[in-house]
Amino acid sequence: MRILVVLAVAACSVPDGDYFGRTDRGEPDHFRWCNQGEPDRLDPAVASSTASTPLVHALFVGLTAYAPDGHSVASLATSWETSDDLRSMTFHLRHDARWTSGRGVTAYDIAYTAIRVANPLTGSPNSDSKQGYERRRDVAPYRAGEIVELTAPTEVDLAARTATRPLALRDLGAAEPVAYATVPAGAEVTLVMTTGERATLPSPDGRPWAYVQWARDEEGVLGWVPLAELDGEPHAGAVLHVRRVDAKNRGVDGVRPELEVHGGDLLYTPDVLGRDRFDPYTIVFECADPTPFMFAMTTNRSLRATPIETVSRWPVRWTRPEHIVTSGPLHLVEWHERDRLELVRSPTYWAPAEAKSARMTVYSMDDQAANSNYYFTGGCDATASNQVPSTYLPVLDGEQRGRPYKDYDVSPYLGIYFVWLQTEKLPDRHLRRAMALAIDRAPIPAFTHGGELPTAQLTPGTPIARLDAADLAACGVTHDTPGMALVMAPGELCYVPPPGLDFDLARARAELALAKDVPRPLHYMYNAGAEAHKQIAEYLQAAWARIGLDVVIEAHEWNSMLADTRAGKFELARLGQIGSVADTESEFLSLFRCGTPDNRGRYCNPAFERLMIEARTMRDRVARNARLREAEAVMIEDVPVIPIYVYTQKRLTKPYVRDFAINAIDQPPLWRVWIDPSWHP
Amino acid sequence: MIRFVLGRLAGSLVVIFLVATASFLLLHAAPGGPFDTDERRSLEVQHAMEEHYGLRDSLGTQYLRELGHLARGELGVSIKHDTSVGQLIAQHFPVSAALGVLGLATAVILGVLMGVIAAWRRNTWVDYVLMTLALIGISVPSFVLGPLLIAAVSIKLGLLPAARIDGAASYLLPALTLGMIYIGTIARLARGGMLETLGQDFIRTARAKGLPERTVVWKHALRLGILPVVTYLGPATAAMISGSFVVEKIFQIPGLGTYFVNSIAERDYPVLTGVFVFYAVLLVLLNLLVDLAYGLLDPRIRRAR
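Quick mapping for you: the protein sequence lines, in order, are chains A and B. Residues are numbered in the working numbering as their position in the first sequence, beginning at 1, plus a constant of 771. Residues are numbered in the working numbering as their position in the second sequence, beginning at 1, plus a constant of 2.
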């Protein structure tokens, strides 16, 4: 018992001094980062975890890259043009980009990732489109080349092919003897793409080639073969029903009916990129509607170049250190699962000086306390955001000793913590409004200790009081304007969300008096495991009790809560939304479109829909923002969600760490970080 | 003996089949799936991913496929990390095993020592102190003890690493944290076994022959008195190796336990079923070893077989 008491006393004392962690430096050219867990994957096409995203950005180049302030800037693309109608963007690529294999990085490598993301064989979580098929032949009322989609799912694999002789899978144009896999005669392969098609490589010898996948084992293998060798199409006679995809067939007027076709009439198409002026150093993106955020989307992790030769040989294991070929500022040399990754400065990146440290170690630590403890004892130089346990926060922000530690930073995050209200189960708008108006959000940061920014607005951003003069002008506000503003292009473009339903107890009671058939009790769902969610749930329960609402709070396991909320099986549920681009239209407001699966509240208001559709076709971005603001105002008055606070990023960074950029989307260019050898305590 | 072992192994196959079936059914009965996310994702993409991993097949088809894999000695491929489950186990189990063995060694050495001394000095202050310590060891969970040890030994004194395995010294705190809860149980079992043994006729005979008390206790009584501990060692070893996930999490040790627990949250069905079956095999084998050890320690049991 005495030992336990000694341990407890030792554990409860807090470090004195300016810094929370030890400040003795490690090696000068070596940056050590405590990541927030094991990256699920490093393949841009399939990586989806927040732990993998900054590493994907460091290893693979994209057309654009995140600048330290979080906005997209030139990278593989050195210049670009946007069409007047905002429907098309043409990127011009640099000629000096190289893979670590020595081959040049081209537009086809970007297109290849996009093709993989869209192809069901990849099983990519980043895909966001239905499989498209191109008509091979004219069959009235459709024309050959039009994009169609199946109207009902099919068990038939339309891309299945066979060959009467063995297929030698190889790199495009390579001779048969250098094949790295041989498909036995008659074995089924899946056609992925052919040369000379939309955004695919041109044929090297004038004859068409096919890129196929052979499921020889769990991983499979891909490779090129001359198209003529694929002489069997097992499902050519299958009867299917298709209809034209209007969004992908601009210029074709009128509604086309559903049509019965045969499998052989269709060709799977990686319908992801435009066809015009596509060459190794030019790439064109086309959208059905004006898409002003298309440029920012090109920075996304799932649109990074991937090397076809390596992916083909090891479709799953190609990012292992023994196989990986990279194009970014850093290169992976070791990956010890669930422990650490070792990265070094890439020898082939076009601007090697951008990678300030010769080596970077990334620790895969998914426990917040372990992360902070390891940082404290000098194991790493900086932590990923929000890797500080809530129990440490009062210590770090100085509540105990009167001043915060200098190596602890809190900054706004492009994310909103909110409560979904299932509008089909709580159809009375007065009830929902009463619930929103009953919440005084201001005291919440006092018990969550994370410096969160209470708000009744949906779109998160920076508090207007903290904006500089240029951004204030762009936003059309003054320092004393309350609320948040989302800076979309510094000093140029800004979105100021409408005010939400802030705390007003009298109005809340008045709204509740108008409500009919209030269910009692109401049920509030939150995910177990984090103390803050429970504290907030109890706080909201008390707030609603003050206007006479009986709310039962229930802790749920995370996955079952996600499944239940997606299925609409809830009344009230805490969730949040994190944006990856400073654009409310794509990141936040689109959550509330009728019938979208992310619309967990089952909200649907024709007025909101109309305004969103109107905004979508507007080319003037200021006018477009004004229309979006109207839409958000409609939605926020309907209360399908109750915004609570803007998330913050909390991180620990040693004082000798330089150029660790903090931005609202939490995408620091890690390769730019360096250790200052001249720093002394 | 051979017939006994073969009989036990045949029975084990039934146990493993039942474990695989039960784990498959229970895991699929749990709400949510591997691709549930709070990120934005269209239903088409969700379905395509489920299709890709065969999760849209009927439960019966999935079950038969799973059994087919097991029959061929395959454990499937992780849905979340695209690595074979066999490879995951080969990579991470040795870390858990090393931690478990160290924890077990700590627990056995300290626990048996405490139990024997407490029995030898029964109803004295030595007995009371040791048994109180044993009770504390049982009562303080590892998620309390671990952080306290880190705070005091790593953060305050800077003597040992606060997290990760980086050299032999990194195992000390995790092994102590893991072993502590078993020290108390083993001490109490050893004390009980020793008390019973010390009252038996052959001990009285040994004392009557004039053997020193130390020889009576440590040479003659301990061999029989430790049998309850040996019985406990089978499940304890399995529990320590398979149940080290809390300690692995606290100290961020890349063992199989953490992987297993994370896979529950991720609904990584192949990993979960594979690890369940692997642990079932492990438990069955350890229990068999314990039974064989019984025969070696107690001639009466050997003769009965």
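Treat the hints as calculated values from the structure; they're not laboratory data. Heads up, the beta-carbon is just placed ideally off N, CA and C, and yes, glycines get one too. Careful: at least some of the hints might be erroneous.
To be verified - Using 25 Å as the maximum straight-line C-alpha spacing, the simulated SDA-like pairs for lysine to any residue come out as follows:
1. Lys158(B) <-> Thr794(A)
2. Lys1305(A) <-> Leu45(B)
3. Lys82(B) <-> Arg1174(A)
4. Lys82(B) <-> Lys1305(A)
5. Lys1305(A) <-> Ser1331(A)
6. Lys1196(A) <-> Lys158(B)
7. Lys82(B) <-> Asp1110(A)
8. Lys82(B) <-> Asp840(A)
9. Lys1196(A) <-> Asp1110(A)
10. Lys82(B) <-> Ala31(B)
11. Lys158(B) <-> Arg978(A)
12. Lys158(B) <-> Pro1452(A)
13. Lys1177(A) <-> Lys158(B)
14. Lys82(B) <-> Arg1200(A)
15. Lys1196(A) <-> Asp38(B)
16. Lys82(B) <-> Gly1169(A)
17. Lys1196(A) <-> Gly34(B)
18. Lys1287(A) <-> Asp1321(A)
19. Lys82(B) <-> Gly1350(A)
20. Lys1196(A) <-> Asp1180(A)
21. Lys1287(A) <-> Arg1200(A)
22. Lys1340(A) <-> Val128(B)
23. Lys82(B) <-> Pro1292(A)
24. Lys221(B) <-> Lys158(B)
25. Lys158(B) <-> Glu989(A)
26. Lys158(B) <-> Ser1161(A)
27. Lys158(B) <-> Lys1305(A)
28. Lys1305(A) <-> Leu1285(A)
29. Lys82(B) <-> Gln807(A)
30. Lys82(B) <-> Val128(B)
What the hints assert, rightly or not - If you want the ones that stay clear, here's a sample from chain B, every Cβ over 10 Å from chain A, calculated:
31. Arg5
32. Ala12
33. Val47
34. Val79
35. Asn125
36. Ala170
37. Glu198
38. Ala210
39. Asn264
40. Ala267
Here's how the hints hold up against the structure:
Restraint check for Lys158(B) and Thr794(A): satisfied, since their Cα atoms lie roughly 15 Å apart, inside the 25 Å limit. Proposed proximity of Lys1305(A) and Leu45(B) is contradicted: the alpha carbons are some 30 Å apart, above 25 Å. With a CA separation close to 43 Å, the supplied pair Lys82(B) and Arg1174(A) exceeds the 25 Å bound. A threshold of 25 Å between alpha carbons decides the hint, and for Lys82(B) with Lys1305(A) the separation of about 29 Å lies outside it, so the pair is violated.
Annotation: proposed proximity of Lys1305(A) to Ser1331(A) holds, straight-line Cα distance about 17 Å (limit 25 Å). For the hint pairing Lys1196(A) with Lys158(B), the CA-to-CA distance comes to about 53 Å; that exceeds 25 Å, so the pair is violated. For the given pair, Lys82(B) sits about 17 Å from Asp1110(A) by alpha-carbon distance, which is consistent with the 25 Å threshold. Pair hint Lys82(B) plus Asp840(A) does not hold up; C-alpha atoms about 32 Å apart against a cutoff of 25 Å.
Between the alpha carbons of Lys1196(A) and Asp1110(A) the distance comes to roughly 46 Å, so the proposed pair goes past 25 Å and is violated. About 19 Å separates the Cα atoms of Lys82(B) and Ala31(B), which keeps this hinted pair within 25 Å; it holds. Under the criterion of a C-alpha separation no larger than 25 Å, the hint pairing Lys158(B) with Arg978(A) is inconsistent with the structure, at around 71 Å. For the hint pairing Lys158(B) with Pro1452(A), the CA-to-CA distance comes to about 20 Å; that is within 25 Å, so the pair holds.
For the hint pairing Lys1177(A) with Lys158(B), the CA-to-CA distance comes to about 20 Å; that is within 25 Å, so the pair holds. This hinted pair does not check out: Lys82(B) and Arg1200(A) have alpha carbons roughly 41 Å apart, beyond 25 Å. Note on Lys1196(A) and Asp38(B): the hinted pairing holds, with a Cα-Cα distance of about 22 Å set against a maximum of 25 Å. Taken as a hint, the Lys82(B) and Gly1169(A) pair is broken in the structure, with Cα atoms around 40 Å apart against an allowance of 25 Å.
Taken as a hint, the Lys1196(A) and Gly34(B) pair is honoured in the structure, with Cα atoms around 21 Å apart against an allowance of 25 Å. A hinted pair counts as satisfied when its Cα atoms are at most 25 Å apart, and Lys1287(A) with Asp1321(A) qualifies at roughly 15 Å. Pair hint Lys82(B) plus Gly1350(A) holds up; C-alpha atoms about 23 Å apart against a cutoff of 25 Å. Among the hinted pairs, Lys1196(A) with Asp1180(A) is inconsistent with the structure: their alpha-carbon atoms are about 41 Å apart, more than 25 Å.
With a CA separation close to 10 Å, the supplied pair Lys1287(A) and Arg1200(A) stays within the 25 Å bound. The hinted pair formed by Lys1340(A) and Val128(B) fails the criterion: a straight-line CA distance of about 60 Å is larger than 25 Å. The hinted pair formed by Lys82(B) and Pro1292(A) fails the criterion: a straight-line CA distance of about 39 Å is larger than 25 Å. The straight-line distance between the Cα atoms of Lys221(B) and Lys158(B) is roughly 43 Å, outside the 25 Å bound, and the hint therefore fails.
Under the criterion of a C-alpha separation no larger than 25 Å, the hint pairing Lys158(B) with Glu989(A) is inconsistent with the structure, at around 49 Å. Under the criterion of a C-alpha separation no larger than 25 Å, the hint pairing Lys158(B) with Ser1161(A) is consistent with the structure, at around 20 Å. With a C-alpha separation of about 31 Å, the suggested pairing of Lys158(B) with Lys1305(A) is violated against the 25 Å cut-off. For a cut-off of 25 Å, the pair hint linking Lys1305(A) to Leu1285(A) is broken: about 30 Å separates their Cα positions.
Under the criterion of a C-alpha separation no larger than 25 Å, the hint pairing Lys82(B) with Gln807(A) is consistent with the structure, at around 17 Å. A C-alpha spacing of about 53 Å is found between Lys82(B) and Val128(B), which places the hinted pair above 25 Å, so the restraint is violated. For Arg5(B), the non-interface assignment is confirmed: its Cβ lies about 40 Å from the closest Cβ of chain A, beyond the 10 Å cut-off. Even its closest Cβ contact with chain A, about 31 Å, leaves Ala12(B) beyond 10 Å, as expected for a residue assigned away from the interface.
Non-interface status of Val47(B) relative to chain A is broken: a Cβ of that chain comes within 10 Å, the nearest being about 5 Å off. Val79(B), annotated as away from the interface, has a beta carbon of chain A within 10 Å; the closest lies near 5 Å. Distance check for Asn125(B) against chain A: the nearest CB is about 21 Å away, which clears 10 Å, and the non-interface claim stands. Residue-level check passed: Ala170(B) sits 16 Å from the nearest beta carbon of chain A, beyond 10 Å.
Every beta carbon of chain A lies more than 10 Å from that of Glu198(B), the smallest distance being close to 29 Å; the non-interface claim holds. Every CB of chain A lies more than 10 Å from the CB of Ala210(B), the least distance being 42 Å, so the non-interface label holds. Against chain A, the non-interface label of Asn264(B) is violated: not every CB pair exceeds 10 Å, the least being about 7 Å. With a cut of 10 Å on Cβ distances, Ala267(B) falls inside the contact zone with chain A, its closest approach being about 6 Å.
The structure fails hints 2, 3, 4, 6, 8, 9, 11, 14, 16, 20, 22, 23, 24, 25, 27, 28, 30, 33, 34, 39, 40 (numbered hints given earlier, in ascending order).
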